[in-house]
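A.B. asks: Chains F and W supply the protein sequences, listed in that same order.
Reminder that position 188 of the first sequence reads as 188 in this note's numbering, one-by-one numbering, no gaps.
Reminder that position 231 of the second sequence reads as 1231 in this note's numbering, one-by-one numbering, no gaps.
Simulated from the structure, these hints should not be mistaken for lab results.
Keep in mind that a hint or two might mislead.
What the hints assert, rightly or not - Not close to chain F: a few residues of chain W, all C-beta gaps over 12 angstroms, as computed:
| # | residue |
| --- | --- |
| 1 | 1033 |
| 2 | 1035 |
| 3 | 1070 |
| 4 | 1102 |
| 5 | 1105 |
| 6 | 1108 |
| 7 | 1114 |
| 8 | 1161 |
| 9 | 1168 |
| 10 | 1180 |
| 11 | 1190 |
| 12 | 1210 |
| 13 | 1240 |
| 14 | 1250 |
| 15 | 1261 |
To be verified - Away from chain W, derived, C-beta distances all over 12 angstroms, residues of chain F:
| # | residue |
| --- | --- |
| 16 | 145 |
| 17 | 148 |
| 18 | 157 |
| 19 | 165 |
| 20 | 223 |
What the hints assert, rightly or not - Computed footprint of chain W on chain F; a stretch qualifies when at least three of its residues, placed anywhere within it, have a C-beta under 8 angstroms from a C-beta of chain W:
| # | segment |
| --- | --- |
| 21 | 172–183 |
| 22 | 216–222 |
Being a predicted model, the structure only gives us computed values, none of them experimental.
Glycine included, every Cβ here is placed at the ideal spot set by N, Cα and C.
The chain contents come next:
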Amino acid sequence: MHFIVEPGFFSSQPVHVALTIGGVVAVVSAAVGIFTVIRGQSFAGHTLTDVSTAGGSAAFLLGMNPLLGFIGLSLVGSGTMDLIGVQRVRGRDLATGIVLGASIGLAALFLYLDTTTRATTGATQQILFGSIFTLDPGEVPIVVAFSVISLVALAVIYRPLLLATMSPDIAAARGVRLRPVGLAFMLALAVSVGLSSLAIGSILSTALLIGPAAAALRLTKRIGAALITAVAIGVAATWVGVLLAYDSYYWGSSHNGYPVSFFIVALTFLIYLASGLPARRAATSAPAKRH
Amino acid sequence: MTDRSQPVTANEPDVLRVEGVTVALGGRTILEDVAFAIAPGSFTGLIGSNGAGKTTLLRVILGLQRPGRGRVVVAGDAGNRRNRSIGYVPQKVLLDPDMPMRARDLIGLGLDGHRFGIPMPSKTRTSLVDEMLAAVDAERFANARVGILSGGEQQRVLIAHALISRPRLLLLDEPLANLDLRSGQEIIGLLHRIATEHHIAVLLSAHEMNPLLPVMDRVVYLAGGRAAAGTTDEVIRTEVLSGLYGHPVEVLHIHDRVLVIAGPGYPDAARLAAEGAGIELG
Ligand SMILES: Nc1ncnc2c1ncn2[C@@H]1O[C@H](COP(=O)(O)OP(=O)(O)O)[C@@H](O)[C@H]1O
Ligand SMILES: [Mg+2]
């Protein structure tokens, strides 16, 4: 036991906060991620992480809560993409590209100003790699509130979104209003990206959004099962990542530790690779029968 | 053009009446003064070459395209809620092989996919889906992902999806376009059986009328933006089609097949023939 869980893991308050926020954010990311992947909007999701980088760094500059910056600018970014035309296949690349370029430019400017004018040396690191171990416990209710908003929105539009994803023509003929449903999903995606930017950092939040969903979609053939599997993978990767990051302070002699985001993303990626094994084995074992 | 047809069931009101519908898109008149009616439980073929306006007309009926002039009356429904009582299988449905949806899930979405919230499993729901799976002969692949099914199998699932909410009218946009002859015949047979047994009117668009001849009660023939409607004997005639095309055409009956042959000098004859409109060079 001692080798797996280093002393103090379960009694440390930063660990409690990290497990709570990490777990909640993983649930939202995985659920939203399933729809992001089946709608072919992974690139839009990734772009929103860059938008949230700009938002987080602007919030630091203004001395605001970074979560509000992450989520606030993501929402603006998703609205902009919707206006330019992310709903239409042809408009998608264009909308995403324009917003991507603008947000990276803004992020670069704000991060530069953060480091030069405010002498907050930790800002860049916190924005890019997350701050799951240093979050104030007072942040927990805010994170939970935004998570509930995102999940409730997803639950409300669940069926029309699924129908519209399968066939926009059929959905429109059944009276589904494609534009509001698509926009509601983009807003839920923006909130989810903002939350994961806070937890594991904006450059890595795409991994938590797409990784568990992509692995789950390889393992299941029903949407409900895919959602549950993705949530389980996301939460497991996050909690094990937190544990390993905590343990890593005791590895070697330097007592520096490794970033938690690295562990979470690495675990997610390994699970994704492993999810391909069942399919692969089926493919390679078929010709082997002939011998 | 007016509808000269008699309803199949004389004392029931029509499930659909299209009255003087005119549609212009991008400054061009696509449909002009199109009028016809569909009786309950009847089978109607909407025939026209590529670009004749079949999809546009179906979109008008569904309320997705507002006509410039004229109106569409759907039985029992007034105004914008009409689309609920119409089943629809669009022309191109690209079902992603990676989409986590089994045939039975897709059929179930036909019940309540337009409603907000998460679907609740129930005995009624399952038995309705099972009933539809049987009706379209899809039990064999009920639990397979829809994206990996063949074209004909996907058509069956989409038809079941459109029918599970018990509409009185089913619209299908070129359901035979990407099917081989045999799968096409099977789908036609299936639709004919459903129309008769469940008393659901079918309006099916196609660019080739011959496969539909054995089952069609009525035909709506689109050409040059205008429509002629009636029984095949009334519509597929030299005078009627010549009037539609605005050019002499001849209708030939060869064995069980009908050929529509353009007289010399018809500007688009080669294009129409290439697209399988049934127009061939004379
Ligand atoms: N949104 C649009 N704007 C302009 N023209 C259109 C539009 N949609 C369809 N058309 C034109 O209307 C004509 C009829 O199209 P359509 O109804 O799709 O024909 P069909 O389904 O019979 O092949 C075509 O010439 C097409 O180019
Ligand atoms: Mg068409």
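A.B. asks: Hints first: check each against the structure and report whether it holds.
C.D. replies: Status of the hints after comparison with the structure:
no.: 1; hint: 1033; verdict: 24 angstroms, holds
no.: 2; hint: 1035; verdict: 22 angstroms, holds
no.: 3; hint: 1070; verdict: 20 angstroms, holds
no.: 4; hint: 1102; verdict: 6 angstroms, violated
no.: 5; hint: 1105; verdict: 6 angstroms, violated
no.: 6; hint: 1108; verdict: 10 angstroms, violated
no.: 7; hint: 1114; verdict: 4 angstroms, violated
no.: 8; hint: 1161; verdict: 8 angstroms, violated
no.: 9; hint: 1168; verdict: 15 angstroms, holds
no.: 10; hint: 1180; verdict: 23 angstroms, holds
no.: 11; hint: 1190; verdict: 19 angstroms, holds
no.: 12; hint: 1210; verdict: 27 angstroms, holds
no.: 13; hint: 1240; verdict: 31 angstroms, holds
no.: 14; hint: 1250; verdict: 37 angstroms, holds
no.: 15; hint: 1261; verdict: 35 angstroms, holds
no.: 16; hint: 145; verdict: 21 angstroms, holds
no.: 17; hint: 148; verdict: 15 angstroms, holds
no.: 18; hint: 157; verdict: 7 angstroms, violated
no.: 19; hint: 165; verdict: 8 angstroms, violated
no.: 20; hint: 223; verdict: 5 angstroms, violated
no.: 21; hint: 172–183; verdict: holds (count 5)
no.: 22; hint: 216–222; verdict: holds (count 4)
When the structure is compared with the earlier hints, violations turn up for hints 4, 5, 6, 7, 8, 18, 19 and 20 and for no others.
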